[in-house]
Amino acid sequence: MDVLTLSRLQFAITTIYHFFFVPLTLGLSFLVALMETLYVRSGKELYLRMTKFWGKLFVINFALGVVTGIVQEFQFGMNWSEYSRFVGDIFGAPLAIEALLAFFLESTFLGIWIFGWDKLSKGMHAATIWMVALGSNISALWILIANSFMQEPVGYAVVNGRAVMTNFVDLVLNPNVWVMFPHTLSAGFATAAFFVMGVSAYHLLRKSHVDIFRRSFQIAAIIGTVAVVLVALNGHSQAQHMVESQPMKIAAAEALWNTESPASFSLLSIGDLTQREEVFSIRLPRLLCLLAYNRLDCEIQGIYDLQAAFEGQFGAGDYIPPVALVYWSFRVMVGVGFLMIGLALYGLFLVMGEILEERPKALKLFQWAIFLPYLANTAGWMMTELGRIPWVVYGLMTVDQGVSSIVSSGQVLVSLLGYTLVYGALMVAMVYLMMKYAKAGPESSAVGSPDVKDTLPSLVGAHD
Amino acid sequence: MDLNTLWFVLIAVLYIGFFVLEGFDFGVGILLPFLSRDKDPQAVDGKRRLMINAIGPHWDGNEVWLLTAGGATFAAFPQWYATMFSGFYLALFLLLLALIGRGVAFEYRSKDANPRWRNLWDWLIFLGSAIPALLLGVAFGNLVRGVPIDAEMNYVGGFFNLLNPYALFAGVATLLLFTLHGAIFLSLKTDGEIMEKAQATARRLWLVVVLVLLALLAATYFATDIYQRLGFNPGVVPLTGMVSILLTGFFLRKMRQGWAFVTTALAIAFSLVTAFLILYPRVMISSINLLYSLTIYNASSSPYTLQVMTVVAIIFVPLVLVYQGWSYWVFRKRLTTRSPMVY
Chain D
52 MDVLTLSRLQ FAITTIYHFF FVPLTLGLSF LVALMETLYV RSGKELYLRM TKFWGKLFVI
112 NFALGVVTGI VQEFQFGMNW SEYSRFVGDI FGAPLAIEAL LAFFLESTFL GIWIFGWDKL
172 SKGMHAATIW MVALGSNISA LWILIANSFM QEPVGYAVVN GRAVMTNFVD LVLNPNVWVM
232 FPHTLSAGFA TAAFFVMGVS AYHLLRKSHV DIFRRSFQIA AIIGTVAVVL VALNGHSQAQ
292 HMVESQPMKI AAAEALWNTE SPASFSLLSI GDLTQREEVF SIRLPRLLCL LAYNRLDCEI
352 QGIYDLQAAF EGQFGAGDYI PPVALVYWSF RVMVGVGFLM IGLALYGLFL VMGEILEERP
412 KALKLFQWAI FLPYLANTAG WMMTELGRIP WVVYGLMTVD QGVSSIVSSG QVLVSLLGYT
472 LVYGALMVAM VYLMMKYAKA GPESSAVGSP DVKDTLPSLV GAHD
Chain Z
11 MDLNTLWFVL IAVLYIGFFV LEGFDFGVGI LLPFLSRDKD PQAVDGKRRL MINAIGPHWD
71 GNEVWLLTAG GATFAAFPQW YATMFSGFYL ALFLLLLALI GRGVAFEYRS KDANPRWRNL
131 WDWLIFLGSA IPALLLGVAF GNLVRGVPID AEMNYVGGFF NLLNPYALFA GVATLLLFTL
191 HGAIFLSLKT DGEIMEKAQA TARRLWLVVV LVLLALLAAT YFATDIYQRL GFNPGVVPLT
251 GMVSILLTGF FLRKMRQGWA FVTTALAIAF SLVTAFLILY PRVMISSINL LYSLTIYNAS
311 SSPYTLQVMT VVAIIFVPLV LVYQGWSYWV FRKRLTTRSP MVY
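As you go down the protein sequences, you meet chains D and Z in turn.
Just add 51 to wherever you are in the first sequence, counting from 1, and you've got the numbering used here.
Just add 10 to wherever you are in the second sequence, counting from 1, and you've got the numbering used here.
Just to be clear, a hint being listed does not mean it is correct.
With a straight-line cut-off of 25 Å between C-alpha atoms, the simulated DSS-like cross-links for lysine-lysine are [unchecked claim]:
1) K490/D / K170/D
2) K95/D / K258/D
3) K258/D / K170/D
4) K343/Z / K173/D
5) K170/D / K121/Z
6) K95/D / K412/D
7) K121/Z / K487/D
8) K103/D / K343/Z
9) K343/Z / K170/D
10) K487/D / K103/D
11) K343/Z / K264/Z
12) K170/D / K95/D
13) K490/D / K264/Z
14) K121/Z / K103/D
Cβ pair distances, simulated, as ranges [as the list claims (entries may be wrong)]:
15) M486/D / V332/Z: 38 to 44 Å
16) N299/Z / G461/D: 26 to 32 Å
17) A123/Z / G469/D: 39 to 45 Å
18) R265/D / I324/Z: 18 to 24 Å
19) I324/Z / E409/D: 56 to 62 Å
20) S459/D / N299/Z: 22 to 28 Å
21) G469/D / F232/Z: 33 to 39 Å
22) Y355/D / V332/Z: 55 to 61 Å
23) G404/D / D50/Z: 56 to 62 Å
24) I64/D / D235/Z: 39 to 45 Å
25) S297/Z / D451/D: 28 to 34 Å
26) D369/D / S297/Z: 39 to 45 Å
Facing chain D, a subset of chain Z residues (Cβ under 7 Å, in silico) [what the hints assert, rightly or not]:
27) D12
28) L13
29) P67
30) G71
31) V74
32) Q89
33) I110
34) K121
35) T315
Worth flagging that the hints you see were computed from the coordinates, not collected in a lab.
Quick reminder that beta carbons are idealized off the backbone N, C-alpha and C, glycines included.
Can you make the complete structure from the sequences, with help from the hints?
What follows is the structure, given as structure tokens:
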């Protein structure tokens, strides 16, 4: 395989892997902060045990999110040095700001939170986890500002073959950021809510620590319902924005080869990818207009017309993204998303009717539903990134122009294999610990800290 | 001072912050298998936990200094970022793997009681501390020595080009200096047997470090253009570094561990300042043709981006210093064998 293919594969693997951990961090940090705040306000030990239990799972997940994030920050220069030279003037700024504003905040305060149970007042201690939550979410904002420049370049000029920042405020207020950030953030909350509901369901089925897990499920069902509805609404505004800013992505997501008016929504399309044409399709009339424009009448540009328009603008070339992948990732994201809305509402209904614990089948269902947000999150990013192909920066630079010119395919092969093996092994360790601690449940008593009792009696040379 | 110079200084400060702070937690990681020796495996585990918990609240915050240095290089000098990161590809890949294993190891090693599980993660902590310490020294050795960079700002040497004797020696020196720094940190933050062992290690290691740093300074006269740039008398900066490390020995003998820690921190800081002085105003020296070197001018972002980043830095760097300083204040007490162990 050539350098370009290997580098793309490595970026896909490392980035998708990184984003397994990020959404849970975004949402669960807030949930744990909320639980600890409830403890501080009410003084009830229940909430303390709850905080510690979910906090432990949070940390197991957070550790992998942090270390895989280091790779993200370095691989632009390592594998995409031509891209880095071209956009560095713009793209480097949000990355540096992310590190300075967010990484310091979350890492420093998580250290204090984990180790500071007996060093700080209750209120101060709860404040530190709020700082972690704030840091994680600020981090998401700045990396999405960076990514949004790739989706929709604004506030720049091309000078001597390099993109140069002309307006920082435009970069931050990029309309793409403000449809993407709420969508990602609410997806993070939904991920955390389904995680909490699923683990709680496991314990409610076994009648263990019912007080803690009943309350946890309640909180998660409320937040989860709000979050999934917001995900869908924000996704809708994203689609409306995308049809203007990246029409090719919408066309590919719908496998819409020819311009259509009024545009239909594809329920199932099978195409011939080598001939690039539709073989079979079931389409719902006018629905795409509703999705993209909020009305029943519209014209949506098809892939062929967009290709012709791109050729007119940028010269001969292939401007069509991998249609099948974009089409199916879009369907997985939306399909799973709607399933999650249904489940969240069902969960809320069970909670409000106080019949949750009498429904073992539902509880089993919620255990398995933990995986749903992961599927939707991954599919969502695949659609976003693959739908931009061949561009790495939309309309400015193609992916093949961005790859490092001096890194050999042998080098990338080594790193690709290395990351894959190490990431695979770490996933095994993470899942093992997560299952172990999730199943073990909370400590029976949380007076002081469970960790505090864990001292070192056996140390040779210990003196009193 | 123009903004290009300001950002050169700021990036130097970020690397200094990283080396001084992560330096001691790398050092603790390197010492982990050595200071924890005991016939009783239970006691080994207890000692390791004491050492790891001494850096527990801090290592992650310390590591962010490196991430921020990387991010700031991207923002202020994108050509430097692109050339160095693609050029040092395999070395950086190793660094990343080491840091990944280490970061997870801290969080995971004590979450299961199986001795083989813990032993595996402890190895990752050791390797994840020793390899980056070595590689970062090698990287800075190569930066001041110069590497083959062509007219298109591309690094054209291979991986093994980076492993020249001077750079390797700089790597070993960094490794030893961090180990000493870590030993002194442990003698400040622990008590009992670990503290005593750490003190003894620091005293033994000190002379080695002094000799190695002297040799490195001498080698620097041959391997770099320090003589043309700073003259035979290298000036106050490297000499302050040398005086600091000499004072370390004095304070170690007087059992003034706090001052000893300050002096190793100064020695690390002034060694790095020396490296940045040799570089300035270049950021990567070309060994093919000096004119191909990357400088703070031809590698930089636009003046506008530098202005924006300057405003951001002025607001947020002090804030970071305040809360990170506070975290050190919160955990200022010594860990004893009766202290709570989280990791």
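Taking the hints in turn, this is what the structure says about them:
no.	hint	verdict
1	K490/D / K170/D	violated, 29 Å
2	K95/D / K258/D	holds, 21 Å
3	K258/D / K170/D	violated, 34 Å
4	K343/Z / K173/D	holds, 20 Å
5	K170/D / K121/Z	holds, 22 Å
6	K95/D / K412/D	violated, 31 Å
7	K121/Z / K487/D	holds, 9 Å
8	K103/D / K343/Z	holds, 24 Å
9	K343/Z / K170/D	holds, 10 Å
10	K487/D / K103/D	holds, 15 Å
11	K343/Z / K264/Z	holds, 21 Å
12	K170/D / K95/D	holds, 20 Å
13	K490/D / K264/Z	violated, 53 Å
14	K121/Z / K103/D	holds, 14 Å
15	M486/D / V332/Z: 38 to 44 Å	holds, 40 Å
16	N299/Z / G461/D: 26 to 32 Å	holds, 28 Å
17	A123/Z / G469/D: 39 to 45 Å	violated, 30 Å
18	R265/D / I324/Z: 18 to 24 Å	violated, 50 Å
19	I324/Z / E409/D: 56 to 62 Å	holds, 60 Å
20	S459/D / N299/Z: 22 to 28 Å	holds, 24 Å
21	G469/D / F232/Z: 33 to 39 Å	holds, 35 Å
22	Y355/D / V332/Z: 55 to 61 Å	holds, 58 Å
23	G404/D / D50/Z: 56 to 62 Å	holds, 57 Å
24	I64/D / D235/Z: 39 to 45 Å	holds, 42 Å
25	S297/Z / D451/D: 28 to 34 Å	holds, 30 Å
26	D369/D / S297/Z: 39 to 45 Å	holds, 41 Å
27	D12	violated, 17 Å
28	L13	violated, 13 Å
29	P67	holds, 4 Å
30	G71	holds, 4 Å
31	V74	holds, 5 Å
32	Q89	holds, 6 Å
33	I110	holds, 4 Å
34	K121	holds, 5 Å
35	T315	holds, 5 Å
Of the hints listed earlier, those the structure fails to meet are numbers 1, 3, 6, 13, 17, 18, 27, 28, in rising order.
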